[in-house]
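S.K.: So you can see what is in the structure, the chains are spelled out below.
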Amino acid sequence: KAGVTQTPRYLIKTRGQQVTLSCSPISGHRSVSWYQQTPGQGLQFLFEYFSETQRNKGNFPGRFSGRQFSNSRSEMNVSTLELGDSALYLCASSLVAGGLNEQFFGPGTRLTVL
Amino acid sequence: KNEVEQSPQNLTAQEGEFITINCSYSVGISALHWLQQHPGGGIVSLFMLSSGKKKHGRLIATINIQEKHSSLHITASHPRDSAVYICAVGLGEKLTFGTGTRLTIIP
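First to last, the sequence lines map onto chains B and E.
For the working numbering, add 33 to where a residue sits in the first sequence, where the first one is 1.
For the working numbering, add 42 to where a residue sits in the second sequence, where the first one is 1.
Bear in mind the hints are in silico, worked out from the structure with no lab data behind them.
Keep in mind it's a predicted model, so treat the numbers as computed, not measured.
Glycine residues also receive a C-beta, built at the ideal position from the N, C-alpha and C atoms.
Each statement offered as a hint is correct.
DSS-like cross-link-like pairs, simulated, lysine-lysine; straight-line CA separation at most 27 Å:
#, chain 1, residue 1, chain 2, residue 2
1, E, Lys110, E, Lys96
2, E, Lys110, B, Lys90
3, E, Lys136, B, Lys90
4, E, Lys95, E, Lys110
5, E, Lys110, E, Lys97
6, B, Lys90, B, Lys46
Just so you have them, the derived chain E footprint on chain B, three or more residues with Cβ under 8 Å:
#, stretch
7, 75-81
8, 86-95
Put together the whole structure using the sequences plus the hints.
M.R.: And the structure:
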């Protein structure tokens, strides 16, 4: 079974631009969660989607948004990029929603904002 | 105060040593996860537990719900165990993460 895939793996943007990251979950998994990892803040929960609906959202500004498609693939979008958005963005999939379930992580997208 | 505290932050040990990493949390949780992150960023889920003890190969994870504490043990440590180990707790349906323990095993 193929694992979780994320594209692109690396991305360089400038302040003010917007970016879209993609995550394809393990086949059959309906939940996709997104996380931001920075050296200063560590891993932080962004949001979770299940069956095309956002179930939970972390404490991030509205510039961070996401969506999930009917095939469970998910995208996250960051608008008006700031230098502090430079981070490793990880997605994880699980069979069902919620932190009660084992999560399978993708390799991440490393975003650099200049 | 962070909801999830890990100790130690850094740990260096000789190959073969028994390793213990601790995780304490301050609120009621639905489940606790232990994750491993190698250089380059990839994260692997090692354990998910809500009570008792689980074992997988040389790794053992325990949790004490009353004391709000979990430990990850590695027996007969090996240089390939060098990684960052992260504790995460399920608060409702969201995961909150500890800051991680950087483990280095010297041959």
